[in-house]
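*Asks:* Protein chains in written order, with this note's numbering: chain S, 1 to 111; chain P, 1001 to 1109.
Derived from the structure by calculation, the hints contain no laboratory data. Being a predicted model, the structure only gives us computed values, none of them experimental. Ideal Cβ placement from N, Cα and C applies to all residues, glycine included. It cannot be assumed that every hint is accurate.
Residues of chain S clear of chain P, computed beta-carbon distances all greater than 12 Å [unchecked claim]:
| # | residue |
| --- | --- |
| 1 | V12 |
| 2 | T17 |
| 3 | L78 |
| 4 | S80 |
35 Å max Cα-Cα, derived DSBU-like pairs, lysine-lysine [claimed, not checked]:
| # | chain 1 | residue 1 | chain 2 | residue 2 |
| --- | --- | --- | --- | --- |
| 5 | S | K11 | S | K70 |
| 6 | P | K1003 | P | K1096 |
| 7 | P | K1096 | S | K11 |
| 8 | S | K57 | P | K1096 |
| 9 | P | K1003 | S | K57 |
| 10 | P | K1096 | S | K70 |
| 11 | P | K1096 | P | K1069 |
| 12 | P | K1003 | S | K53 |
| 13 | P | K1069 | P | K1003 |
| 14 | S | K53 | S | K11 |
| 15 | S | K53 | P | K1096 |
| 16 | S | K70 | S | K57 |
| 17 | S | K11 | P | K1003 |
| 18 | S | K53 | S | K70 |
| 19 | P | K1069 | S | K57 |
| 20 | S | K11 | S | K57 |
Footprint (simulated), chain P over chain S, 3 or more residues, beta carbon under 8 Å [claimed, not checked]:
| # | stretch |
| --- | --- |
| 21 | 38-45 |
| 22 | 91-103 |
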Amino acid sequence: DAGITQSPRHKVTETGTPVTLRCHQTENHRYMYWYRQDPGHGLRLIHYSYGVKDTDKGEVSDGYSVSRSKTEDFLLTLESATSSQTSVYFCAISQGSQPQHFGDGTRLSIL
Amino acid sequence: DAKTTQPNSMESNEEEPVHLPCNHSTISGTDYIHWYRQLPSQGPEYVIHGLTSNVNNRMASLAIAEDRKSSTLILHRATLRDAAVYYCILRGNTDKLIFGTGTRLQVFP
Chain S
1 DAGITQSPRH KVTETGTPVT LRCHQTENHR YMYWYRQDPG HGLRLIHYSY GVKDTDKGEV
61 SDGYSVSRSK TEDFLLTLES ATSSQTSVYF CAISQGSQPQ HFGDGTRLSI L
Chain P
1001 DAKTTQPNSM ESNEEEPVHL PCNHSTISGT DYIHWYRQLP SQGPEYVIHG LTSNVNNRMA
1061 SLAIAEDRKS STLILHRATL RDAAVYYCIL RGNTDKLIFG TGTRLQVFP
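Could you build the full structure based on these sequences and the hints that come with them?
*Replies:* Shown next, in the form of structure tokens:
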């Protein structure tokens, strides 16, 4: 299995609070991705990174920011969490055109 | 990005072959056909991918129509562990994957 660790695995927080999710990889892969998955939906891309300090928006980026200061870590931040951001968040990594490998997800509940 | 169409759900009995169809009539010449699956409470898992020719690996086979407008993921002998949501995805020149809602496969003992 690809070395991907998401933390925390579960989090409950209140509306308006900042939240940061972490994705850590040990594979030295160039590309990292953040997705969210809601009931009845497939995964939707939030942001992705193609190198240190190089990031770009996905299809549902509003309300989210990301940072990648080193190859192994990709952080997803909700500056002021809203109930609509309650979801399961998945991180993925890939090396160029190779298949993506996914983490086990973070279940985030915003009350 | 070109879209794919899959049935919402399919059923199979254990140890029987399963053929999961996918239509992608707007596929472009450079799009690869990828399949991922997602087991309950887990992240998606890569299964197989191909461009034009049929592909086999230890998990499954991928049969691609000659006009590339459809493909079929074949599980040769379904097991209970194969119960999952299967996603057919077209991947072009970017590294992004666009997930649809997939096919939920149920496997009965």
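*Asks:* Against each hint, give a clear statement of whether it holds in the structure.
*Replies:* Results for each hint:
| no. | hint | in the structure |
| --- | --- | --- |
| 1 | V12 | holds, 18 Å |
| 2 | T17 | holds, 25 Å |
| 3 | L78 | holds, 20 Å |
| 4 | S80 | holds, 27 Å |
| 5 | K11/S to K70/S | holds, 24 Å |
| 6 | K1003/P to K1096/P | holds, 13 Å |
| 7 | K1096/P to K11/S | holds, 27 Å |
| 8 | K57/S to K1096/P | holds, 11 Å |
| 9 | K1003/P to K57/S | holds, 20 Å |
| 10 | K1096/P to K70/S | holds, 21 Å |
| 11 | K1096/P to K1069/P | holds, 20 Å |
| 12 | K1003/P to K53/S | holds, 31 Å |
| 13 | K1069/P to K1003/P | holds, 11 Å |
| 14 | K53/S to K11/S | holds, 27 Å |
| 15 | K53/S to K1096/P | holds, 18 Å |
| 16 | K70/S to K57/S | holds, 19 Å |
| 17 | K11/S to K1003/P | holds, 33 Å |
| 18 | K53/S to K70/S | holds, 8 Å |
| 19 | K1069/P to K57/S | holds, 29 Å |
| 20 | K11/S to K57/S | holds, 24 Å |
| 21 | 38-45 | holds (count 6) |
| 22 | 91-103 | holds (count 9) |
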